[in-house]
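Line by line, the protein sequences are chains Y and P. Going by my numbering, the letters in the first sequence line up with residues 1 to 262, in that order. Going by my numbering, the letters in the second sequence line up with residues 1001 to 1264, in that order.
If you're looking for bench data, these hints aren't it; they were derived computationally from the structure. Using N, Cα and C, we set each Cβ at its ideal position, and we do this for glycine too. It cannot be assumed that every hint is accurate.
Every beta carbon over 10 Å from chain Y, so not counted as near; a handful from chain P, in silico [said to hold, decoys possible]: (1) W1018; (2) A1025; (3) L1031; (4) M1034; (5) L1038; (6) V1082; (7) P1087; (8) F1099; (9) L1109; (10) R1161; (11) G1241; (12) K1253.
Using C-beta positions, here's what the derived DEER-type ranges look like [unchecked claim]: (13) N1154/P <-> P76/Y: 32 to 40 Å; (14) E132/Y <-> L1109/P: 45 to 53 Å; (15) N1154/P <-> T21/Y: 24 to 32 Å; (16) D170/Y <-> Y1261/P: 20 to 28 Å; (17) S1075/P <-> A168/Y: 39 to 47 Å; (18) G1241/P <-> T129/Y: 24 to 32 Å; (19) A168/Y <-> R1096/P: 26 to 34 Å; (20) G167/Y <-> A1026/P: 38 to 46 Å; (21) L172/Y <-> L1109/P: 54 to 62 Å; (22) L1029/P <-> A112/Y: 55 to 63 Å; (23) P82/Y <-> L1064/P: 55 to 63 Å.
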Amino acid sequence: MDNAEPLINIRDVWMSFPGKTADAPVHVLERVDLTVSKGEFVCIVGPSGCGKSTLLNIVGGFLKESKGDVRVEGQPVDGPDPARIFVFQENGVFPWLTVAENVGFGLLSRPAKERDERVAHYIQMVGLTGFEKSYPRELSGGMRQRVEIARALAAEARVLYLDEPFGALDFLTRLKMRSDLIRIWQAEGKTILFVTHDIEEAVQLADRVLVMSKRPATIQEEVIVDLPRPRDLDSPGYLAARDRIFSIMGMDVHGGGAGDPK
Amino acid sequence: MSDVTVTSFKRGLPGAAWWLPLGTAAVFLALWHMLVRLSGSDLFPTPVEVAKGIIELIQKGLLLKYVVASLFRVSWGFVLAVLVGVPLGLTLGWFRAAFQSMNPIIQILRPISPIAWIPVAILWFGVKDSAPIFLIFLASVFPITVSSMAAVQNMQSVYLRAAQNFGLKGPQLFRRVIFPAALPQIITGIRIALGVAWLVVVAAEMIAVNSGLGYLIIDARNAGKRYDLVVAGMVMIGLIGLGLDVLVRRLEKFDEVRWGYGQR
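Construct the complete structure from the given sequences, taking the supplied hints into account.
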């Protein structure tokens, strides 16, 4: 991990938005450094409104950092890129297209045969076989997120940015989506940067969890989750990682207490 | 989805969707008949006289001719308004500079009733078909433009971001994402515009031409106070207006746009 050139390399990134008055901008991100290696699954957790979505939008090319250096695959990020697909919390599946048309959305330049094969393959991978001709409004929220993930995979994205993709789903659906995402990630070998406010979710999914502080946010601590998958949610390793993150964030919330001072 | 509708109607009786409106219509016609009789008016017709009037118009071949004439004008004015209003609205919705420069003019022109344009239309086009067509165009182009514009401006940004993520720009972005995302609201604008267009054609025909349902009404009154034919014309206008609305509502049922209308 250390000797390889990181796939995502964020160096000293700052982000401010214009505030209510011109001389009082809102500082959202401060001195953020982070790297993600090829094929790695990294989660970013942090308190609500801390700026983790902002950070993901900067890496995704939807926002321009105020200061700093953001490189993905060696190139400075200059806008969104089809090789790196964003999966949105509010669901970016196009409601006027069927499931199959959505999944094939990024493949229109391909020959029809190859397109159909890829579409069928990824629809099967996310478990939506039989729903090819359905429209998103006929699907549940979890199924719509599956469509969006399949759409990203079919387009041969090398990197997936997921912005609280399961946040609007019910508890059981979320558990199922997580295990399916892990299965897909293991099969496809994509690099995944996943933002969530759910600590359990982060520990269930990630190789590494980056904990962000309150605003103006920075990466407060890194927790490596070196546990085999599928993860046993009662194992001491899992609980230790989870409690470690709770204490990092809890200390922040209560202004001191358990854990090391920053 | 349909379950919800069923439960809210569960206290109704079977077939109520038919006999309730028919019963109301029967009461309405009976009241109408009685009131005409009670008032002793020999000018205002009873429902039976109106029905006879419609039959007379059919026998003379006038009804079909006038309906076709009115629909012809509406079609031309309306199609022109769609061809101008949709692209114009999409452009104004997308390009901020276009919106800033054109929106004030549109907002000033929009509240002017098409009826107020009648003298101008006669001046410019004379007493020909082009005058009412121009008026119908004016009446429908604003609702279509404004709804297309609002559709783009109110589009959920997540569709745009997803499209940009897949590398779409320019005409591709417009055709594959912005237009389909805006289509439900465009169709709503089209429906409103068609209703207005139908209102305006009748008014325009009363002044600017000598055929059509509007002309029928004015002509029947002027040439012999034939109020049975006046009301017959009104009934036809109502029925055709309903028919047009039903037709456009069908557009809203297509899978490509149904998502945009919420649960029905």
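So, going through the hints one by one against the coordinates:
Taking the minimum C-beta to C-beta distance to chain Y, about 30 Å, the non-interface status of W1018/P holds against the 10 Å cut. Annotated as non-interface, A1025/P keeps its C-beta farther than 10 Å from every C-beta of chain Y; the closest such distance is 36 Å. Distance check on L1031/P: its Cβ is at least 44 Å (rounded) from any Cβ of chain Y, clearing the 10 Å threshold; non-interface status holds. For M1034/P, the shortest C-beta to C-beta distance to chain Y comes to about 50 Å, beyond the 10 Å cut-off, and the non-interface label holds.
With 10 Å as the threshold on Cβ separation, the claim that L1038/P sits away from chain Y holds: the shortest Cβ distance comes to roughly 54 Å. Consistency note on V1082/P: stated as away from chain Y, and its beta-carbon is indeed over 10 Å from all of that chain's, at 19 Å minimum. Against the 10 Å criterion, P1087/P stays outside the reach of chain Y, whose nearest CB is about 19 Å from its own CB. With a closest Cβ-Cβ approach of about 22 Å to chain Y, F1099/P is found to remain outside the 10 Å limit, as its non-interface label requires.
Every Cβ of chain Y is farther than 10 Å from the Cβ of L1109/P; the closest lies at roughly 32 Å, confirming the non-interface assignment. A beta-carbon of chain Y comes within 10 Å of the beta-carbon of R1161/P; the shortest separation is about 6 Å. No Cβ of chain Y approaches the Cβ of G1241/P within 10 Å, the least distance being about 29 Å, so the stated non-interface status holds. The beta carbon of K1253/P sits about 13 Å from the closest Cβ of chain Y, which is more than 10 Å, so the claim that it is off the interface holds.
Remark: the range hint 32 to 40 Å for N1154/P to P76/Y is upheld by a beta-carbon distance near 33 Å. The supplied range of 45 to 53 Å is met by E132/Y and L1109/P, whose beta-carbon atoms lie about 47 Å from each other. Remark: the range hint 24 to 32 Å for N1154/P to T21/Y is upheld by a beta-carbon distance near 29 Å. D170/Y and Y1261/P have their C-beta atoms about 26 Å apart, which keeps the hinted 20 to 28 Å range intact.
For the hinted restraint 39 to 47 Å between S1075/P and A168/Y, the CB-CB distance of approximately 45 Å keeps it satisfied. At about 47 Å, the CB distance of G1241/P to T129/Y disagrees with the hint of 24 to 32 Å. Taking the beta carbon of each, A168/Y and R1096/P are about 31 Å apart, inside 26 to 34 Å as hinted. Taking 38 to 46 Å as the suggested C-beta distance range, the pair G167/Y and A1026/P does not conform, at roughly 56 Å.
Distance hint check: the CB atoms of L172/Y and L1109/P are about 56 Å apart, consistent with the given range 54 to 62 Å. About 60 Å separates the C-beta atoms of L1029/P and A112/Y, a value consistent with the hinted range of 55 to 63 Å. Under the hint 55 to 63 Å, the C-beta atoms of P82/Y and L1064/P, about 57 Å apart, fit the expected range.
Violated hints, listed in ascending order, are 10, 18 and 20; each of the other numbered hints is respected by the structure.
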